[in-house]
Amino acid sequence: VLGPLVTDVAPGYDHITSAIGAALAAEAGAAMLCYVTPKEHLGLPNREDVKQGVIAYKIAAHAADLARHRKGSRDRDDALSRARFAFDWNEQFRLSLDPETARSYHDETLPQDTFKSAHFCSMCGPKYCSMKITEDIRKMADQGELSELLTIEPAGQKA
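Numbering (my numbering), first residue to last: 1 to 159.
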């Protein structure tokens with residue numbers, strides 16, 4: 001299938017609207033997806049437009065494989081999730097569909113090599129990173145520093 005566009009209100013983003021339609025078509029059994037570029041119906045695509053279209057369709061095909069529970073389709077996702085939780089940035093880049101872009105986006109904010117082993121990202125920082133907080137709590141529990149977990153009662157209720 002080529003597309004189909006799920007909406008016509010996003011000229012310049014047809015690679016996204018068509019990738020949504022492509023994921024649905026592939027989930028329903030379409031065997032071949034033909035990518036659409038951001039310039040669809042607007043102009044002739046350049047190399048970057050083709051790259052954006054191909055990446056969008058790789059995501060669409062992968063999403064369809066996940067939805068269809070195809071054997072092995074979750075392996076890469078699971079590996080990347082483990083790398084993300086372990087703050088293994090280089091493995092995250094390696095496993096991504098577009099390693100060059102992932103590394104580039106990371107390096108825009110945290111370019112120094114020391115941040116390739118940082119246990120946080122630039123979005124939340126070290127203080128608010130949920131994965132870092134979870135890691136710290138697990139370490140505390142392993143060291144016996146957590147004797148009990150406190151529960152927070154919903155507002156208006158007394159313990």
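Source of the hints: derived by calculation from the structure; they are not laboratory data.
Please read these numbers as outputs of a predicted model, since none were measured by experiment.
Any given hint could be a false lead.
[To be verified] Straight line, CA to CA, 27 Å or less: simulated BS3-like cross-link-like pairs of lysine-lysine:
(1) K139 <-> K127
(2) K71 <-> K58
(3) K58 <-> K39
(4) K116 <-> K127
(5) K132 <-> K51
(6) K39 <-> K51
(7) K139 <-> K116
(8) K116 <-> K132
Verification of the hints:
no.	hint	verdict
1	K139 <-> K127	holds, 16 Å
2	K71 <-> K58	holds, 17 Å
3	K58 <-> K39	holds, 18 Å
4	K116 <-> K127	holds, 18 Å
5	K132 <-> K51	violated, 34 Å
6	K39 <-> K51	holds, 12 Å
7	K139 <-> K116	holds, 22 Å
8	K116 <-> K132	holds, 15 Å
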